[in-house]
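> Both chains are given apart, each in its own frame, so use the hints to dock them into the complex.
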Amino acid sequence: SQTIHQWPATLVQPVGSPLSLECTVEGTSNPNLYWYRQAAGRGLQLLFYSIGIDQISSEVPQNLSASRPQDRQFILSSKKLLLSDSGFYLCAWRGTGSLSNYGYTFGSGTRLTVV
Amino acid sequence: SQKIEQNSEALNIQEGKTATLTCNYTNYSPAYLQWYRQDPGRGPVFLLLIRENEKEKRKERLKVTFDTTLKQSLFHITASQPADSATYLCALYNFNKFYFGSGTKLNVKP
Chain A
5 SQTIHQWPAT
15 LVQPVGSPLS
25 LECTVEGTSN
35 PNLYWYRQAA
45 GRGLQLLFYS
55 IGIDQISSEV
65 PQNLSASRPQ
75 DRQFILSSKK
85 LLLSDSGFYL
95 CAWRGTGSLS
105 NYGYTFGSGT
115 RLTVV
Chain B
261 SQKIEQNSEA
271 LNIQEGKTAT
281 LTCNYTNYSP
291 AYLQWYRQDP
301 GRGPVFLLLI
311 RENEKEKRKE
321 RLKVTFDTTL
331 KQSLFHITAS
341 QPADSATYLC
351 ALYNFNKFYF
361 GSGTKLNVKP
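From first to last, the protein sequence lines stand for chains A and B.
Position in the first sequence (first residue = 1) + 4 = the numbering used here.
Position in the second sequence (first residue = 1) + 260 = the numbering used here.
Because the hints were derived from the structure by calculation, they are not lab data.
There may be inaccurate statements among the hints.
Far from chain B by the CB rule (all over 12 Å, computed), these chain A residues [said to hold, decoys possible]:
no.	residue
1	Gly20
2	Ser33
3	Asp75
Label pairs and their computed distance ranges (CB to CB) [said to hold, decoys possible]:
no.	chain 1	residue 1	chain 2	residue 2	range
4	A	Ser69	B	Arg321	41 to 51 Å
5	B	Asp299	A	Asn34	21 to 31 Å
6	A	Glu63	B	Asp299	24 to 34 Å
7	B	Glu312	A	Gln6	25 to 35 Å
8	B	Lys357	A	Ser88	20 to 30 Å
9	A	Gln17	B	Thr328	38 to 48 Å
10	A	Thr117	B	Glu316	38 to 48 Å
11	B	Lys315	A	Pro12	36 to 46 Å
12	B	Glu265	A	Thr117	22 to 32 Å
13	B	Glu265	A	Asn34	29 to 39 Å
Every residue, glycine too, gets a C-beta built ideally from N, C-alpha and C.
Chain B extracted, bound-state conformation (with noise of 0.2 Å):
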C-alpha cells in the first residue's frame, strides 16, 4: 500500500539551531513534492515544492532536499526561531491530487 511517512514524535530544538524533518513514502513514483505549514485550528500554508529532477531547493531559511533513489525528502530551517513552532507537512502530487503525510510538529525554544 501507498504510505507517506512523518515523524509523529515532536522534534524540541533551541532557538538558533537548524530544524531536519523527513517525509519518507512508499509505492509512490511522485513528479513533485511540496511542503506545508500549519498553526493549530488553521489550514495549511503551501511553503516549497521540488520537482522529482531537482535535488534542491531553497527559499530564504528553508531547504528542501528530494532523494528519488531513497524515495525521501528532507526540510531544514536554519537559523530557527520560536515563530518557526508550527506543524510541517509534506505532500506527494499523484493523479492531479496531493496525499498528505500526517505532519511532525516543531517546537523551538527560546
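Next up, chain A with everything else stripped away, as it sits in the complex (with noise of 0.2 Å):
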C-alpha cells in the first residue's frame, strides 16, 4: 500500500534562518506531488505542484522553493524565514492516469511557527 511520510511534525524557526521539509511517498511510482500551506482557520493554499523529478511549478511567488531530487521525493525550502511563512505544511500525493475516485492524500503536516 502507499504511504507518505512528513517531517518534521513541528518547527520553531527564529527570521532569517533556512527551512527544509521533507515528504517521501512509499509505493507508487510518478506520482504527483503538492505543497500546501494552511493558515490558522484558513483553507489550504496550494504553494508547488510537480508532475516529475525536477518538473515544478509554483502557484503563488513567495519567499519559498520546492525541489524533486527523487521520483518519491519532494522538499520545501527557504533561504531566510519570514514571520509570514508560519503555519501549518502539508505535502500530497495523488496518483497519475485515470482518477477512478482517487483524491489526494496528505501526510501528516508540519506545523511551522517562525519567532
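Here is the structure:
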C-alpha cells in the first residue's frame, strides 16, 4: 500500500533562518506531488506541484522554493524565513492515470512557527 | 476572480440529524469536485469525488450533489454522530490541481 511521510512534525525557527521540509512517498511510482500551506483557521493554499523529477510549478510567488530530486521525494525550502511563513505545511500525492475515485493523500503535516 | 466559498460559521446539530454543508464557487469550470474531512492538527482525509456529469454520489452515510448550473455542491451526512465532528473541505479540480475552500466546522452534539 501507499504511504506518505512528512517531517518534522513541528518546527520553531527564527526569522532569517533557512528551512527544509521533506516529504517522501512509498508504494507508488511517478506520483503527482503537492505542497500546501494552511494558515490558522484558513483554507489550504497551493504552493507548489510537481508532475515529475525536476518538474516543479509554483502557484504563488513567495519566499519559498521546492525541489524534487527523486521520483518520490519532494522538498520545500527557504533561504530566509519570514514571520508570514508560519503555518501548517502539508505534502500530498495523487496517482497518475485514470483518476477513478482517487483523491489526494495528505501527509501528517508540519507546524512551522517563525519567531 | 476565482472563489470557493464555504460557510465559515460552524454548523451545530444534534446527533441523529442530517448535516448539510454547502460549497459554492465562481469562475471555475471544474471537471470534478471532492470533499475532505480534517481533524485538528491533522492533514485532510479524502471522502468523496463527484464528476461534473454526475448529479449525486453516495458512500455509506455520506451524499454529495453537484450542480454545475448553480455552481454548487452539497455535502450531507445522515444519522450524524459526535464522531463526525470535524472540519469539512471542498476542493475543485482545475488544470491538474485541486483548489480548496476554507472549510466548515461541524459540531455534532450528543
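> Now look at each hint and say whether the structure bears it out.
Hint check results:
For Gly20/A, the shortest C-beta to C-beta distance to chain B comes to about 27 Å, beyond the 12 Å cut-off, and the non-interface label holds. Listed as outside the interface, Ser33/A is consistent with that label: its C-beta sits roughly 18 Å from the nearest C-beta of chain B, beyond the 12 Å cut-off. The Cβ of Asp75/A sits about 17 Å from the closest Cβ of chain B, beyond the 12 Å cut-off, so the non-interface label holds. Distance hint for Ser69/A and Arg321/B: a CB-CB separation of about 42 Å, consistent with the stated range 41 to 51 Å.
As the Cβ distance of Asp299/B to Asn34/A is approximately 30 Å, the hint placing it in 21 to 31 Å holds. One distance hint, 24 to 34 Å for the beta-carbon pair Glu63/A and Asp299/B, holds here, with the actual separation near 25 Å. The hinted range of 25 to 35 Å is satisfied by Glu312/B and Gln6/A, whose Cβ atoms lie roughly 27 Å apart. Our hint of 20 to 30 Å for Lys357/B and Ser88/A holds, since their Cβ atoms are close to 22 Å apart.
At roughly 44 Å, the beta carbons of Gln17/A and Thr328/B sit within the given window of 38 to 48 Å. The hint said 38 to 48 Å for the Cβ distance between Thr117/A and Glu316/B, and at roughly 42 Å that hint holds. Range check, Lys315/B to Pro12/A: about 44 Å between beta-carbon atoms, so the 36 to 46 Å window is met. In this structure the hint that Glu265/B and Thr117/A lie 22 to 32 Å apart at CB holds, the actual value being about 29 Å.
Separated by about 34 Å at the C-beta atoms, Glu265/B and Asn34/A satisfy the suggested range of 29 to 39 Å.
In summary, this structure violates none of the numbered hints.
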